[in-house]
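> Okay, here's what each chain looks like letter by letter:
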Amino acid sequence: MERNSPAFSVATLPQKPEPVVRLRYFTRRFGVNAVIEDLDLDIAPGEFVALLGRSGSGKTTLLRTLAGLDDVASQAVTIPPARAVVFQDPRLLPWKRVWRNVMLGLKGPQPRERAIAALREVGLDHRLDAWPLTLSGGEAQRTALARALVREPQLLLLDEPFAALDALTRIRMHGLVLALWRAHRPAIMLVTHDVDEAIALADRVLVLDRGRIAAEERIVAERPRHPADGEKLRGRLLGYLGVDEAAEPSPVRPIALADRRHPSAL
Amino acid sequence: MSVTSRTDILRKLISARWVSPLLLLLLWEAGARSGVIPQHTLAAPSAVFATLLSMIASGELPSNLLVSFGRVVLGLGIGVSLGVALARVAGLSRPGEAALDSPVQVLRTLPTLALSPLFIVWFGIGETPKVALIAFGTVFPVYLNLYNGIRGVDVRLVDMARSFGLSRLDIIFNVILPGALPSLLVGLRYALSVAVLILVVAEQINATAGLGFLINNARDFMRTDIIVVCLIVYAVLGLAADFLVRVVEARALAWRPSLVEA
Numbered sequence: 001m002e003r004n005s006p007a008f009s010v011a012t013l014p015q016k017p018e019p020v021v022r023l024r025y026f027t028r029r030f031g032v033n034a035v036i037e038d039l040d041l042d043i044a045p046g047e048f049v050a051l052l053g054r055s056g057s058g059k060t061t062l063l064r065t066l067a068g069l070d071d072v073a074s075q076a077v078t079i080p081p082a083r084a085v086v087f088q089d090p091r092l093l094p095w096k097r098v099w100r101n102v103m104l105g106l107k108g109p110q111p112r113e114r115a116i117a118a119l120r121e122v123g124l125d126h127r128l129d130a131w132p133l134t135l136s137g138g139e140a141q142r143t144a145l146a147r148a149l150v151r152e153p154q155l156l157l158l159d160e161p162f163a164a165l166d167a168l169t170r171i172r173m174h175g176l177v178l179a180l181w182r183a184h185r186p187a188i189m190l191v192t193h194d195v196d197e198a199i200a201l202a203d204r205v206l207v208l209d210r211g212r213i214a215a216e217e218r219i220v221a222e223r224p225r226h227p228a229d230g231e232k233l234r235g236r237l238l239g240y241l242g243v244d245e246a247a248e249p250s251p252v253r254p255i256a257l258a259d260r261r262h263p264s265a266l
Numbered sequence: 267m268s269v270t271s272r273t274d275i276l277r278k279l280i281s282a283r284w285v286s287p288l289l290l291l292l293l294w295e296a297g298a299r300s301g302v303i304p305q306h307t308l309a310a311p312s313a314v315f316a317t318l319l320s321m322i323a324s325g326e327l328p329s330n331l332l333v334s335f336g337r338v339v340l341g342l343g344i345g346v347s348l349g350v351a352l353a354r355v356a357g358l359s360r361p362g363e364a365a366l367d368s369p370v371q372v373l374r375t376l377p378t379l380a381l382s383p384l385f386i387v388w389f390g391i392g393e394t395p396k397v398a399l400i401a402f403g404t405v406f407p408v409y410l411n412l413y414n415g416i417r418g419v420d421v422r423l424v425d426m427a428r429s430f431g432l433s434r435l436d437i438i439f440n441v442i443l444p445g446a447l448p449s450l451l452v453g454l455r456y457a458l459s460v461a462v463l464i465l466v467v468a469e470q471i472n473a474t475a476g477l478g479f480l481i482n483n484a485r486d487f488m489r490t491d492i493i494v495v496c497l498i499v500y501a502v503l504g505l506a507a508d509f510l511v512r513v514v515e516a517r518a519l520a521w522r523p524s525l526v527e528a
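Residue numbers (my numbering), protein chains in the order written: chain A, 1 to 266; chain B, 267 to 528.
Since the hints were made in silico from the structure, they are not lab data.
Treat the hints with care, since some could be wrong.
Unchecked claim - Partner residues are not named here, just some residues of chain A that face chain B (Cβ under 10 angstroms, in silico):
hint, residue
1, 64
2, 84
3, 106
4, 108
5, 168
Unchecked claim - Partial list, derived from the structure: chain A residues whose beta carbon lies under 10 angstroms from chain B:
hint, residue
6, 69
7, 83
8, 92
To be verified - If you want the ones that stay clear, here's a sample from chain A, every Cβ over 10 angstroms from chain B, calculated:
hint, residue
9, 72
10, 89
11, 163
12, 166
13, 221
14, 235
Each residue gets a CB set at the ideal place from its N, CA and C atoms; glycine is no exception.
One chain only, chain B, in its complex shape:
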């Protein structure tokens, strides 16, 4: 190999974005192996990877992930449906706005996680308070964004539809809701990240299954490798949720100029 090609490769390596994370990983591995980073502080990346594989193979990770996933889906399902329903009523009618908007705005100021003691008193320590916390936390981002979206729909388009004799229901489904869809999707994206955040804390409530249960157990046995595996899974969960909304957006908002290839 000539000297110039070697410097070329070096220059490429320096400017590549994946090099520094890889170096950090190698440093972490070296630190763990040499004993600079003790096992009970942070397990080596190789150990984490091995644990990940064995947890998948034993079915421990998939089964617990499924439990956590179920909580998020159920909580989100309730929260998003409630948020959409409330926003529709408040956004589409003046009496609805008068009746709903102020109470929702008041409840919105409560930090969701601060409600967990109350929810435990009400719902015990089973699945219900976990799902209820996620549901409560995800109502507001959906409500606020959709309500705003509905109110922000171009009045001129509504006038147009009325001039062509469309019924109120036709206008809602052809003009107002499609017009508010971009806002709803923004709300949905917020709701997804809120749901994962609440899941992490809610699962610390005396869980007997789920990612939080795995982390709690691992803490008791100082298994930092398992803790790191669960953290990675949480991160992947968040990324996957964001990806999902992006896919939905690309399909549902294909008409937007930024996504249109005219």
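The shape of chain A in the complex, shown without the other chains:
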């Protein structure tokens, strides 16, 4: 399994390693409606990308494509072989104990030991033998995280994984995801509609609107990030999403390509 060197840092991206995800002119239609049209997307190894978008913006379709769930034959789509998804609901198999869920379909030597190690990493070593239906929401979602990480993915897809959790658990999960990301360095794409979550976690924020990338912002500030630091960026992102209270008066500001590539300090 290919691993990034620990010295690799996302903030010093310019040397451009081979991206783990590469989409060119990606288009997805259901009937006559194009859900995604002419979308270009690169995700570098170890990069943390947040994808913002309103409902119906094509987020789910893009995620299913990157997860390899939809057939995209004859399109220019490159995704890594080692990928894992954490969904909004934990999607644990209720008839398998927690460690067996983590071990599901796991290949390679000593799957049981690896599953238990992954559960220890998310702080669930005391719930190894529990039935999934007895877990709390946070525990179930941590199990789902362990199940994804144990596969040592090059690409980790997070589909609004914290949306159903209470605010305190969500904050704790943010910390856990960042710690795991630092330890394992997968490329992460976090799908969310929570602007603050995107700002707190990601290197790069993409705004998807009507199947196109409407805006792209780079964040170079150190983590942990203070909410007040991101005020201006927060306002801009809300503006792209068409929320009125945002700093930008126009609901959707068209972004020139040169502008999109520009890193913005918070």
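Model the placement of chain B on the given structure of chain A, informed by the hints.
Below, chain B alone, put in the same frame as chain A:
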């Protein structure tokens, strides 16, 4: 004994659930002994009990019970395997569904027992038509429930398994079949009661052994005590079958919240 403790005992007796069945039994016994209930209408409970003991001692009951039990097991075995196989094919593939589901649904509407004349013509009057009737009757409850269970498996779980790169076979054995197991067990429970029901009627077809044979013989000699013994055995058979499925359920579905002690 003081007066209060005596009324206490009386109150307990009135509220106890086993008192009224016992009273009925005593009434039945008294009726039989006094001649209100003639022997050829219904034997006394004590006589039934004595007959039961003597039939066990002589080996008459165990040997015939074994014959009936064998018919149920064989018929169920064939019917359940066939039901599971059909439901898997129809539940797991569209072509399978197109090919199998409508014929099975048509056959399902036939009352199984109405087929007995046809089965006698086809299979004679030996063991085969009895087993075949039980097999035919038990296919459908298993098929219907398992098919429904397979189709009702959460698509999101299947998506999850696919996103982790599980093969189709892995998904069937790790996700779909375990997910359909509760439905299969419901079907199995129906099948067991159907099997006992069909057994009773099928055994009236010129049997030379089995519980039905005992009942037929007893009828000819007006031995109501033997008939009642056989009825009790049928009831026990049904209860035992239900108990068996409950035990299997408690083990196989231990993950369900109602059975989990978290």
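> Now tell me, hint by hint, if it's right for this structure.
Hint check results:
Interface restraint check for residue 64 (chain A): the shortest CB-CB distance to chain B comes to about 8 angstroms, inside 10 angstroms, so the restraint holds. Among the interface hints, the one on residue 84 (chain A) holds; its C-beta lies about 7 angstroms from the nearest C-beta in chain B, closer than the 10 angstroms criterion. Of the supplied interface hints, the one on residue 106 (chain A) holds, with its beta-carbon coming within about 8 angstroms of a beta-carbon of chain B, less than 10 angstroms. A least Cβ separation of about 12 angstroms between residue 108 (chain A) and chain B goes past the 10 angstroms threshold, and the interface hint is therefore violated.
For residue 168 (chain A), the shortest C-beta to C-beta distance to chain B is roughly 22 angstroms, which exceeds 10 angstroms, and the interface hint is violated. Taking 10 angstroms as the C-beta contact cut-off toward chain B, the hint placing residue 69 (chain A) at the interface holds, the least distance being around 6 angstroms. Look at residue 83 (chain A): its Cβ gets to within about 7 angstroms of chain B, closer than 10 angstroms, so that hint holds up. For residue 92 (chain A), the interface hint holds, since its Cβ comes within 10 angstroms of a Cβ in chain B; the closest pair sits about 9 angstroms apart.
Listed as outside the interface, residue 72 (chain A) is consistent with that label: its C-beta sits roughly 14 angstroms from the nearest C-beta of chain B, beyond the 10 angstroms cut-off. At the 10 angstroms boundary, the C-beta of residue 89 (chain A) falls inside the reach of chain B, the nearest C-beta of that chain being 7 angstroms off. Remark: the non-interface label on residue 163 (chain A) is consistent with the geometry, its nearest Cβ contact in chain B lying 15 angstroms away (cut-off 10 angstroms). Every CB of chain B lies more than 10 angstroms from the CB of residue 166 (chain A), the least distance being 20 angstroms, so the non-interface label holds.
Under the 10 angstroms C-beta cut-off, the non-interface status given to residue 221 (chain A) relative to chain B holds; the minimum distance is some 32 angstroms. Every CB of chain B lies more than 10 angstroms from the CB of residue 235 (chain A), the least distance being 35 angstroms, so the non-interface label holds.
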